[in-house]
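Asker: So the chains spell out like this:
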Amino acid sequence: MLYIFCPHCGSRSQNEFAYGGDATVKRPDLNNEISDQEWNNFVYLRKSPRGKHLELWHHISGCRQWIKVERDTSTHEIFKTYKADELIE
Amino acid sequence: MSQDFRLDKIGMVNRNKKISFTFNGKKYFGYEGDTIASALIANGVHLVGRSFKYHRPRGFFGVGVDEPYAILQLERNNERDPNIRATEQEIFEGLEVKSVNCWPSVNFDIGAINNFLKMFFPAGFYYKTFMWPPSFWYKIYEPFIRMAAGFGEASTKHDKERYEHKYEYCDLLITGSGPSGLASAYAAAKNGARVILAEDKPRYGGSLLTSDVNIGNQTGTEWSEKIITELKSMSNVIVKNRSQVFGYYDHNMLVMSERISDHLPKTQKYLPKQRLWYIRAKEVLISSGSIERPLVFGNNDTPGVMLSSAAKEYMKVYGVLVGKKPLIFTNNDSGYETAIEFKKNGVNPLILDTRKEPSSDIISEAKNLGIEIKFSHVVVAAKGYKKVKSADIAKISDNKKELSNIENIECDCICVSGFWTPSIHLASQSGNKSEFNEKIDAFIPKKSKQNENTIGSANGKFTLEETINEAFDKGYEVSNKITENNNKVSIPTVVEKKSSEHDKFWCVPLPKGKSYKRFLDFQNDVAVTDIELALREGFRSIEHVKRYTTLGMATDQGKTSNLNGLQLVSDIENKVVPQVGHTTFRPPYTPVTIGAIVGREVGKHSKPTRKSPMHEWHKKNNAVFVDAGVWLRPRYYKQGNETLFEASKREAKNVRKNVGVCDVTTLGKIDVKGPDAAEFLNRVYTNAWLKLPVGKARYGVMLREDGIVMDDGTTTRISENHYHMTTTTAQAANVLSHLEYYLQLVWPELNVNVVSTTEQWAGAAIAGPNSRALLMKLFPNTDVSNEGLPFMGYKEADLFSIPAKIYRISFSGELAYEVNVESDYGNFMWEKIIEVGKEFQIQPYGTEALSTLRIEMGHVAGSELDGRTIPHDASLEGLVSKKKDFIGKRSLSRSAFTKPDREKIVGVVPLDKTTSIPEGSYIVKDPKAKLPNPKLGHVSASCWSVEYDNPFSLAIIKDGKNMIGQKLFAMSPLQNKTIPVEIVSSHYVDPEGKRVRA
Chain A
1 MLYIFCPHCG SRSQNEFAYG GDATVKRPDL NNEISDQEWN NFVYLRKSPR GKHLELWHHI
61 SGCRQWIKVE RDTSTHEIFK TYKADELIE
Chain B
1 MSQDFRLDKI GMVNRNKKIS FTFNGKKYFG YEGDTIASAL IANGVHLVGR SFKYHRPRGF
61 FGVGVDEPYA ILQLERNNER DPNIRATEQE IFEGLEVKSV NCWPSVNFDI GAINNFLKMF
121 FPAGFYYKTF MWPPSFWYKI YEPFIRMAAG FGEASTKHDK ERYEHKYEYC DLLITGSGPS
181 GLASAYAAAK NGARVILAED KPRYGGSLLT SDVNIGNQTG TEWSEKIITE LKSMSNVIVK
241 NRSQVFGYYD HNMLVMSERI SDHLPKTQKY LPKQRLWYIR AKEVLISSGS IERPLVFGNN
301 DTPGVMLSSA AKEYMKVYGV LVGKKPLIFT NNDSGYETAI EFKKNGVNPL ILDTRKEPSS
361 DIISEAKNLG IEIKFSHVVV AAKGYKKVKS ADIAKISDNK KELSNIENIE CDCICVSGFW
421 TPSIHLASQS GNKSEFNEKI DAFIPKKSKQ NENTIGSANG KFTLEETINE AFDKGYEVSN
481 KITENNNKVS IPTVVEKKSS EHDKFWCVPL PKGKSYKRFL DFQNDVAVTD IELALREGFR
541 SIEHVKRYTT LGMATDQGKT SNLNGLQLVS DIENKVVPQV GHTTFRPPYT PVTIGAIVGR
601 EVGKHSKPTR KSPMHEWHKK NNAVFVDAGV WLRPRYYKQG NETLFEASKR EAKNVRKNVG
661 VCDVTTLGKI DVKGPDAAEF LNRVYTNAWL KLPVGKARYG VMLREDGIVM DDGTTTRISE
721 NHYHMTTTTA QAANVLSHLE YYLQLVWPEL NVNVVSTTEQ WAGAAIAGPN SRALLMKLFP
781 NTDVSNEGLP FMGYKEADLF SIPAKIYRIS FSGELAYEVN VESDYGNFMW EKIIEVGKEF
841 QIQPYGTEAL STLRIEMGHV AGSELDGRTI PHDASLEGLV SKKKDFIGKR SLSRSAFTKP
901 DREKIVGVVP LDKTTSIPEG SYIVKDPKAK LPNPKLGHVS ASCWSVEYDN PFSLAIIKDG
961 KNMIGQKLFA MSPLQNKTIP VEIVSSHYVD PEGKRVRA
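Line by line, the protein sequences give chains A and B.
First residue of the first sequence? That's 1 in our numbering, and the numbers climb one at a time after it.
First residue of the second sequence? That's 1 in our numbering, and the numbers climb one at a time after it.
One thing to keep in mind: the hints can contain errors.
Said to hold, decoys possible - Among chain B residues calculated to face chain A with C-beta under 7 Å, some are: (1) D250; (2) H251; (3) M253; (4) E705; (5) D706; (6) Q744; (7) L745; (8) V746; (9) D885; (10) P980.
Unchecked claim - If you want the ones that stay clear, here's a sample from chain A, every Cβ over 10 Å from chain B, calculated: (11) C9; (12) R27; (13) E55; (14) R64; (15) T73; (16) K80; (17) L87; (18) I88.
Unchecked claim - Okay, derived cross-link-like pairs now, SDA-like style, lysine to any residue, Cα gap no bigger than 20 Å in a straight line: (19) K83/A <-> K449/B; (20) K449/B <-> T73/A; (21) K889/B <-> S875/B.
To be clear, the hints were calculated from the coordinates, so they are not data collected in a lab.
We put the CB at the ideal spot given by N, CA and C, even for glycine.
So here's chain B without its partners, still in its complex pose:
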């Protein structure tokens, strides 16, 4: 297939490598280095999409990040990627893209009927039309609008690509590798600064790639290649292309997205698709350049109308002609550069200049080349539907209000230049309040807010000489603040053509009797009439006008539309632009892939997974795991076809009857050491700690200052000044922070040190009537009799010559011990327990059986200590000392906590002894009472009592202690169940606690 619009002798694409790709199912080819846009234009394709609201045909308007039209959907490697800018996405072999926002095809689009129903879609139409009748909203209007909204379709599949995050620190971050970026990077790097230079395009050089200038004795392009090559060779410089710095955050943190594999058919092995860089820069130089402004005229959204700078770049970088009969419409000298480039490539352009009698080097050059120029002329309207076919042009009066001599001329593209808008987004995001510069009719950054400076055309410097001088100076100045090397490089001389001033003209008036749509915002179909309507309706603030009309919204964030919108508002309001102000620039500057923001933190990687040293054994023995905080714990050990219910019942029964072993490694463990440790514990826990002897454990409850129970657990006095504290699995980290808070800030006079030892110890809870017999076999040389190791006792012992610690504590309510060994011996310990325990019918038990055992014993856990309960509510008031002060004590005497009918924990048994009560059920007196039914409390935990073989639950209910014996109802509106129940004591099994002391 021939490429009718490809030029032979110009461009930077690799002609030796042909690449084929498909667009809307049709095969095309381009060259390595082409973007989708340049390759399609080379093939004469200009219709790529339909507009958002009116479904008008869309072509290409720009050549980079500013592109408002050419948003495509990409299929790569069986993945769907929406919101791809055709002007940025490079082609690769096998690339598949398609148009969005059109059906059934981009050429014949049903939605285009909207174009003829414009009266239904005025500014703010979604607030006005489609309102009546109200019943139409859900069934007709909303589904229709939803179908019509948005660009493209996101994939519903899991994204298999890999995205990574990287943190980087540097002295100086430079955003953009145009002349100012290169010059400042060079000056700073030579002065010893650690520099990162980021370029969003594949090629470095920015405007130097397309401008006809000399720096020193080289052309602009040669100079930029030389500088980049040298920068890349320096160890203190990181140079990155395809990398967009999109956000400027607090304390000079900038975020950059690097597209590593997007331009390749497949992500390379060991490389991510994209990498997100968090860069903390001591100084930032914003050299993000400027974006050409459109001129506003009738049907200025027709495919074939594009920025003149874009037309030039398509020629010089890609060797592609955007048209063979170009019309250049300009209010400044930039349009002339494009015209000259056309002429050099054998195409005759016509220039329409809004200015009356401008003169400059470049205008003379154009004249000398024989280019036809019409001064004081404008394009009134583009003609043609899917592509520009001709244009109505006219002479414009000196006051720019009257049109005359309207004539139609043939053309196939209209290249517009309405001067330049500095890209001040990053500076603005850093907090820099911008100021309006009358000379360039645009905003530029004002006073630096953070350590940022804006240079080059982003700072409104539009001549290369100014830019180069400023950039070399700033690069040196900023780097010298950091390095103090005083190493200044010499600034090269610059040769460029002098240009003349631009015309303060941006919008062509409508000729009498015509009502052409003149678009301001190309992505959202916002026309001049929409802004006029919004202002007529009373919207004044530019922020309101933006949201009402959607001007400057959507994926391009108004990069080409903002200033013309402001001009229009200020014209209508008879104000000047600075009075109107501009809308706030917020990150991101360009759309960022969600996957890149998430990075590696997906699925299992979204949080760490902690496993006990016995994990492999559990796995081998058919454990079914459950997430407990960040830990994976065995929930039950499956035998045959057992269900969770059957397995947990079997395991719990075996503990009550024989002996079971449970992995309790996950319990939080904190070493508390120091001469004041006892005093500290006495202040942290509600009960008394000063007299706990060495070798003894004690159960303790700690409160927050507001009186709510924070955590519970046992703490053992290992030696005179050494305590071993245990916490619940979930609260371990919070408790450590809590203790550190009091030691460092409240009572720094206490000589105590705390450190987490959770991971140092592997723990096994051995519980059941046979546990002592098992222990005697495990520790034959240690006296573990009831006298030798009484309830709440502690001993150090040898487990087959491994040092072990035995705590006689019990969560299950049975005679029980917890054995700890150093983590590395955890598996050894576990296997020995299982091996020796065989003769005692030992079985491992998981968290489900553990819950059953503690619930029927009435031991509280997280579901009762839920951040709303005080010790009384959990029947822990016996542990609250009346004699001493402790954290949170004063709160307990507040009136709400001392009410006589304060909630209290109780047991709940269904009257039929068979129906399980759903957790979360309400306890009510009368199930038929009027809603909202006054609730007495809620069911916090439920189990199947293995002791009595019937369901049993714990509940926290109002005036609980006086409710025992009452017949009430448990209601679960979620499961639509009402269960008659009896309230019993929460200590359902062994209320006297004989077993633990046996």
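For reference, chain A alone in the conformation it holds in the complex:
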């Protein structure tokens, strides 16, 4: 079981969190005309990298904040966690 550092609550076990997928996906702006292809990419297509991955976790049994977690998908090493609005270089 992973041990995830929530920037709001501190380190908590994985069973307090829900996984939320790729954190780098950006929703197209409202009222913008975009092609089927672009929309399709946003809704369905995700990379599944082996190695570093920036992903969303929802601290569902804790502070209910969505956080961003930089995790290695093959070793589970967690490098850093961020608040939802934190700037990531």
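Fit chain B to the given chain A structure using the hints.
Answerer: Same frame as chain A, but now just chain B:
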């Protein structure tokens, strides 16, 4: 009954407490502190089971977790417990155990015929034999193999025992209380670290219990007792015996199973049988010790052949002799310790040492005691069937290839020592890649992967001095990283006998003309010939060899067999062991009771049960409950001998005719607050929200980004910046997460806050033509007329001086209101409604009537919004705004969603007006068409229309809007029914919606 093999003056069992138990129906006794193994050996019993494949007699091989043979079935407290290791299970008064894998008895076992049919059971036999003719497989081969497979029988009854889970956090977890575990725990605890020390056996001390050493000015045993006593008294230390750390998982999470009541006749009151600990440790010291390796020779599985360390432990810990004419067969000095112990207890052993001219303190001591030693000698084969009677021994040449002077000598046990294998399982599970150490012919952990270090003999340190020094250092070093107390304790001096090097010898060659079975894996009957066969057949990877031959599989996971197997593979392949590598160690290290893994999460406890504040009233009034998500909801209120069908019809009819009341507390409720709340709702829902006035409710549909309907419900504007959102019972949690996602990540600029208020409000839906009259009596001071409180209106009012909220919304299609009060007043509200409603013929109605009412109205619910439908399919396209953007809108213009013959919801009525249509039926044009019959759609929900008194269903079918009026067929292949039907509008009752606005 006398115990012929019990020693009087030695051992740690409690001689003052005799305990009787039965084995295979026969009564024996032992002492408190005995295991089944030690008590049986004391009684001279060595035959305890039959082997897996050949049904060869099985005795005891080890003394702890490594035991491959003595797997028994236990009966305790009317429960059956299979897969019990006799070497670990302590006896208690009334214990009943029996042998497994033998029939009719362990002494006379029919299955032993397999031993003479060996040619049918070569390695991988299940891939080769029993294949032809194919028709034999199901009727003959498979049932036979199934009957033969496995150890013991699992109970089919519900396990009444209680198992618990515990979460614990510590600075340092130490696995094993041998010399390294004790020393490191002491050093770390004195340095202020929060320590957990886990020991799988009942007694602490590990090898110190049986070795002849001194630490400081004390014997090893005295020292370990002193350290344990002090550790137990420290508040920063948890010391646990009978506790096996069996798994090392991610981020330094380890799992330990604590056997609390297994050694007692009955689980004590308020205590569980076992407790599973999830331990998150900042650092881990693995001090799990090492397991003695067997030597491989002919018939080395005969009862009476056992590890020399086990023989020593049976003497020193349990005061039990494993034999009176022992033969010690060793390639290192460990066998000498056992021999000396025998000698001290008045038994004359014979030592066969594979080495030519070794010399060390302990060998000299053995010589001085007058123990007979034969150097350059080996056991060629054990003789005897159910117990060792003698052994063929021989001189072995210096190159270890030639045998000479074969002679037979009498003996009743053969104690073998092929040196030691470090238990690297936990380190390996943590991701630590091991390395082969030539000096000890075994793998030891390499570079730490997680925050783990391995110490003592688990790390290949086989002298006590090395072990103690390393453990004190590591205990201090690791704890100081955390506590920074710099409090170092002094390391005691150690006195032990120096030993000499072991012989790199592990397998005795076969003498000419003999074909003894030489076993590598004792639990799975894997012999040297099986490995040779597998390699001849082309298996190369050790992982493949393992799976093909079953070497190192089964419940002991090859604790005694792995290394000898690797040695053999590398010998045949002309490689060295590190090139062959070892198979992956996976948790659990030892078998874990399934009940312990499940813990308290069984039956009703597997998920929370949520009840509305009116639950007790429902119960008192004969409600029959149904699981709705995690909620318990009344399905119907039973009157007399009513069936579900009759009761739901009565309740639904009463709503259409008079008035009914339904508990709707379970509906999800979310408070949406903030200056941008309207804008947020406008983006979340498909319809327009910016102009909803205060005091008005609106029905809304929300989509996922892929255009599929996520949920529906009404949201009411309570005040300028405050909205009260309702969701379906099932989707409440998902909708909240969904809203939080958009507010926190996508549109953080919106100033809105959402919070779940589901449990703050108790809700009652009052529906039916009499509902307004009832409301006027409930709220005499509030104007609830059609003008005062119009359809989709909202008002706050006093319910007998309790603050209440009235929403004029309807799911049943009748004139209806939902009244909410704070949860604590829920029951009060409900009783008042029932009491005042009497004169209006009020009846409570459950979810079944609720479904009937909504289905015949054509209102969609979960069975239509099933994760595959877009608004159009559910006839909700009128709620989809063309003017504004919202979540999922762009998806709706994708080609599949705009096809002209897109599915749509319709009503379905059987032509005979009597046959109910099973939910899930297919709608087809031609019931006799060739299979697969092209389906138009499926029936999503069915009811008995109380309005028209005939069956009515909803279905989602292709090109639904143009199908109305058509005669089609509903087919249920599951129920083998084909029903001619007519397609009608989904709004079967009151299509203009006059009643809700009345």
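Asker: None of the hints should be skipped; say for each whether it holds.
Answerer: Hint by hint, here is what the structure shows:
Because the closest C-beta pair between D250/B and chain A is about 5 Å apart, less than 7 Å, the hint holds. Checking H251/B against chain A: minimum C-beta separation of about 4 Å stays under 7 Å; hint holds. Among the interface hints, the one on M253/B holds; its C-beta lies about 5 Å from the nearest C-beta in chain A, closer than the 7 Å criterion. A hinted interface residue such as E705/B counts as satisfied when its beta carbon comes closer than 7 Å to some beta carbon of chain A; here the least separation is about 5 Å, so the hint holds.
For the restraint placing D706/B at the interface with chain A, the shortest Cβ-Cβ distance is roughly 5 Å, inside the 7 Å limit, so the hint holds. The closest approach between the C-beta of Q744/B and any C-beta of chain A is roughly 4 Å, which is under the 7 Å cut-off, so the hint is satisfied. Against a cut-off of 7 Å between C-beta atoms, the interface hint on L745/B holds, since the closest Cβ of chain A lies about 5 Å away. A distance limit of 7 Å between C-beta atoms decides the matter here; for V746/B the minimum to chain A is near 5 Å, and the interface restraint holds.
At about 4 Å, the closest approach between the beta carbon of D885/B and any beta carbon in chain A falls short of 7 Å, and the interface hint on this residue holds. Given the 7 Å rule on beta carbons, the hint for P980/B is violated: about 41 Å separates it from the nearest Cβ of chain A. Its beta-carbon lying about 15 Å from the closest one in chain B, C9/A satisfies the requirement of being farther than 10 Å from that chain. A beta-carbon of chain B is positioned within 10 Å of the beta-carbon of R27/A; the least distance is around 5 Å.
Against chain B, the non-interface label of E55/A holds: every CB pair exceeds 10 Å, the least being about 12 Å. Not every Cβ of chain B is farther than 10 Å from the Cβ of R64/A; the closest lies at roughly 6 Å, contradicting the non-interface assignment. At roughly 12 Å, the least C-beta separation between T73/A and chain B is larger than 10 Å, which holds for a residue marked as non-interface. The beta carbon of K80/A sits about 15 Å from the closest Cβ of chain B, which is more than 10 Å, so the claim that it is off the interface holds.
Listed as a non-interface residue, L87/A keeps its Cβ farther than 10 Å from every Cβ of chain B; the least gap is roughly 12 Å. No beta-carbon of chain B is positioned within 10 Å of the beta-carbon of I88/A; the least distance is around 13 Å. Distance restraint check for K83/A and K449/B: the Cα-Cα separation of roughly 28 Å exceeds the 20 Å cut-off, and the hinted pair is therefore not satisfied. For the hint linking K449/B to T73/A, the alpha-carbon distance of about 16 Å falls within 20 Å, and the restraint holds.
This hinted pair checks out: K889/B and S875/B have alpha carbons roughly 16 Å apart, not beyond 20 Å.
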